[in-house]
Amino acid sequence: MKILVNGAWREITRDVLAGALEELGYGRSVVSTAVNGEFVAATMRTRTVLAEGDRIEVLAPMQGG
Amino acid sequence: MLQLYQTMIRSRLMLGTARYPSPAVLADAVRAARAEIVTVSLRRESAGERAGQAFWSLVRELGVRVLPNTAGCHAVKEAVTTAHMAREVFGTTWIKLEVIGEDDTLQPDVFGLVDAARTLCAEGFEVFPYTTEDLVVAERLLAAGCRVLMPWGAPIGSGRGLNNLFGLKALRAHFPDVPLIIDAGLGVPSHAAHALELGFDAVLINTAVAQARDPVQMAAAFAQAVEAGFAARQAGPMEPRDLAAPSTPLIGTAFRG
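Top line first, the protein sequences correspond to chains A and B. Numbered according to the working numbering, the first sequence spans residues 697 to 761. Numbered according to the working numbering, the second sequence spans residues 279 to 535.
Rather than coming from a laboratory, the hints here were simulated on the basis of the structure. A hint or two may mislead.
[What the hints assert, rightly or not] Partial list, derived from the structure: chain A residues whose beta carbon lies under 10 Å from chain B:
1) 703
2) 705
3) 709
4) 711
5) 712
6) 725
[Unchecked claim] Listing some non-contacts, in silico: residues in chain A with all C-beta distances to chain B over 12 Å:
7) 718
8) 736
9) 749
10) 753
Built from N, CA and C at the ideal position, the CB exists for glycine as well.
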């Protein structure tokens, strides 16, 4: 199915967030996630089922002021 | 020592981590500033890109406390969600809350700021709101549960110093017991010294250090200025006068009378 990852459309085969992140290559990265604007804690990723067209945000630490 | 929520801090100079020429210069600047707190952020990272991971490793090696921000958020919902994400990644309940209201000045949307602060404080965050010098907004932020305020000196990255001296002095006088940290707009060490002389508890500097020709030397200069300003405040500055007052005693002046 197609989902929007950080503003870009991506095709994935796994429909659970944890699996999708692995498939997308975020396997061991320190990231935080939101689905359709709602924060999804790391502990909830294995229980979060994705649907076609979902908007996923994958954020990582970055320099800031 | 300065108490920020339950944490005691020795250094009154906080440093932003953005816009440095290189990670190595950032690390040297943090050390030169003797900063105990640095601000960090969250951004989108594409898979395979390791910039964020490398940055986080660097910060952890510095052994400083991090204050994540919600920079770039223009809506309450965005800011609250970003705060949740930051708490998980950085492992802290501290959040420098920014809800930007205007793109040219990057001034806070103070209405959204108060709303977001209320939500986050109720959820157990320790909120450092980036605000203006407005007294009423400050009251509302404190009522929302904030125990620290971060009024701007001038627009972010402008380097203009303390734009509204009267307003900032009023804020300091109005809330004598609330930690007030000047955030944004300071350009040179004398601005920071001035802020501390006025009784502000600390300053947060980013662009003025990161964009200096020599960021490490500038970080050290800011550290000295902050120490001087704080010491001067403790020493009790004299009251300014409109007319001259001779510093040399007049009694016994030669050729008089």
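Structure-based check of each hint:
no. : hint : in the structure
1   : 703  : holds, 7 Å
2   : 705  : violated, 13 Å
3   : 709  : violated, 15 Å
4   : 711  : violated, 18 Å
5   : 712  : violated, 17 Å
6   : 725  : holds, 6 Å
7   : 718  : violated, 10 Å
8   : 736  : violated, 9 Å
9   : 749  : holds, 19 Å
10  : 753  : violated, 7 Å
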